[in-house]
Amino acid sequence: MKTIYICTDTVTGIFSGIYDAWKAEGEEDTCGIALRGALEQQLFCDYVETVETEHKAVVVETMIKKNLGRPAYWDIYHAALAADAGKGDAILGTMLAARRIRDSRKIMEHLSHPAVEKVFELSRTVGGEAHAFKGFLRFRELVNGVLFAEITPKNQVLTCLAPHFADRLPQENWMIYDNAHKTFVVHEAGKKWVLGLNEQLDIDAVHNISDREREYARLWKGFFHTISIESRESRSRQLQHLPLRFQKNMVEFNH
Amino acid sequence: MRIQETMSMYDKLNILSDAAKYDVACTSSGTSRSGDGTGMGSCEQTGICHSFGADGRCISLLKILFTNECIYDCKYCINRRNNDVPRTSFTPEEVCTLTMEFYRRNYIEGLFLSSGILKSPDYTMELIYATLFKLRKECNFQGYIHVKAIPGANQELVRRVGFLADRMSVNLELPTAESLKLLAPHKTRKNILAPMRLVQNGMAENKYEIQAYRNAPRFVPAGQSTQMIIGATPESDYQIMQVAESLYQKFDLKRVFYSAFIHVNEDATLPARTDEGPPLLREHRLYQADWLLRYYQFEAAELLSEEHPNFNVLLDPKCNWALKHLEQFPVEVNRADYKMLLRVPGIGYKSAGRIVKARRLGTLGFQDLKKIGVVLKRALYFITCSGRMMYPTKIEEDYITRNLLDTKEKLPDGITGMTYRQLSLFDDMRFGSAGAVSLR
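Order-wise, the sequence lines are chains A and B. Residue numbering for the first sequence follows my numbering, beginning at 1 and increasing consecutively. Residue numbering for the second sequence follows my numbering, beginning at 256 and increasing consecutively.
None of these hints come from the bench; they were simulated from the model. From the three backbone atoms N, C-alpha and C, an ideal C-beta is built for every residue, glycine too. Keep in mind that a hint or two might mislead.
For lysine-lysine, the following BS3-like pairs were computed, each having C-alpha atoms within a straight-line distance of at most 25 Å [said to hold, decoys possible]: (1) Lys106(A) <-> Lys625(B); (2) Lys436(B) <-> Lys106(A); (3) Lys191(A) <-> Lys612(B); (4) Lys374(B) <-> Lys106(A); (5) Lys505(B) <-> Lys436(B); (6) Lys106(A) <-> Lys392(B); (7) Lys154(A) <-> Lys2(A).
Partial list, computed: chain B residues near chain A (C-beta under 8 Å) [what the hints assert, rightly or not]: (8) Leu268; (9) His305; (10) Ile314; (11) Lys626; (12) Ile627.
The task is simple: from the sequences and hints, build the whole structure.
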């Protein structure tokens, strides 16, 4: 009989599920992790609702960092942010596989193992999208001086972006809104950033921008057009690097 | 046209970015730096692309000239003094404001500042220094700065600018001294190489300073690069690769950029204008070969020779090399050393690294290679897994060439020059040099 731990699609949720599975001393064929809402019921399975706590998540995080090393933790953390229903199983499978090889810290090199390979793949996808948004994200200055950005990512990349912008713009008040997952991060000048979940956006407030802001957007659009070399123009090459899904939130593509 | 003092910011930016766009380098990579918490900006080792223009080129830096006035008369350059184009200059304040305001909106990763020569090389370099000083010290900007060293400028000035910038570059302009003399009569090879050497030495000294004093200021931490124009003069690919190779070896350059020649001026010394557009495929092949030099432990003399001085237009340089050295293939993936893996078409340096690590934990099969990122449709002719090839194939140049050509190389979109053509009895697909000549 297989026991499946059901959790929410958050890092805390997934890590809590893994905590419970680990406590029950499950193996690949006796336990699994499933996400609430993305559940496909199977026969001969026990479904258990995970009680999610910060404590469980921290314990799992510490355990992974200690036994598999920081680089492997970052792969696992990124995989936990991916838009993929099987990510919980892949992470658990990776952790179980790590127990069986001689040096657990080399687990991410064990690419011929399907779970490890999946975590690696997911981590690469999420890392790639986060990296893309570090460049493609656009702030606009609202009338109250706050820099506001809206993104529509596939994966939950906000927590990958926040440290980057906090380091880069420490003396600014800024906010990034993830329209796909309805989450946001807020950063107040000189302080640490905070993550907010399940919030609705004040549409009027975030479109209230000053003339100065419009002028800089115009300068940027002008620059964007002149910097391209006419005799090398290629729309398809542009799309190849900068797919349409990014363009809709970028000021230079809004006419 | 005379400088118009009252020109709007929009028009200035328009003119001075238009004049800077032919410069190729727009990378923001090579240095990693956290913000210090008081100013604005940071740098990432890999660099960050912030947008892609209509030509599909990455936009990472605010790429502008300080001024497009110039006392020189380089035949290929839009800003040559004989051209009648509107001229203007920024002030250091304007450059700083633009950079800071663009940066905080995350439009850009930093500043790329080049310039025409206003009055004299020294005068121009001083203006650039004043701008960077203001940006770094007054605006407290910690983002990426790429700056051009002006050939002929005072050494001390170049050195001082180097402590404010992340990357410096001196344009080689053209591959050989003769071409330079012909197309850029006011520039000399010596004047170009001198600041390049200066930056190289500065970086070497700085390395010791940083070892001795951890907080010593950094000199050009992201290294220096250069660029040359391809197709304006008759050099062969072999000559160009040799120049690039010696720049990497003797001047410690981070990158050499190749810029397909674009007609902006009419001049008797320039090649005749054709309908084919810039030689983008040739540029692409040079970049591929450049990667082979930097990441794949190839030497220029292995890829080309006096007899075959140009790249095959139909095959990338690595495939071409492999086909000429079939006696070294197939290689056994589970045993071959890293250096040999790098030479297999379809295996990149990242996949090669992953293979070396993964095979310690088990024997690799073709499915594993696929997951690792190996392009099997190219690699399958050159590798075995546990002694078996993926399919029964012949190790024969003609056979493999035909099959590789069938798989269609994935060229960057927009590159033309390798179009479908009428088959004729006398076509010989194996000889690249013939094809390369027809490209010009």
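Taking the hints in turn, this is what the structure says about them:
no.	hint	in the structure
1	Lys106(A) <-> Lys625(B)	holds, 20 Å
2	Lys436(B) <-> Lys106(A)	violated, 57 Å
3	Lys191(A) <-> Lys612(B)	violated, 42 Å
4	Lys374(B) <-> Lys106(A)	violated, 60 Å
5	Lys505(B) <-> Lys436(B)	holds, 23 Å
6	Lys106(A) <-> Lys392(B)	violated, 45 Å
7	Lys154(A) <-> Lys2(A)	violated, 31 Å
8	Leu268	holds, 6 Å
9	His305	holds, 4 Å
10	Ile314	holds, 6 Å
11	Lys626	holds, 5 Å
12	Ile627	holds, 6 Å
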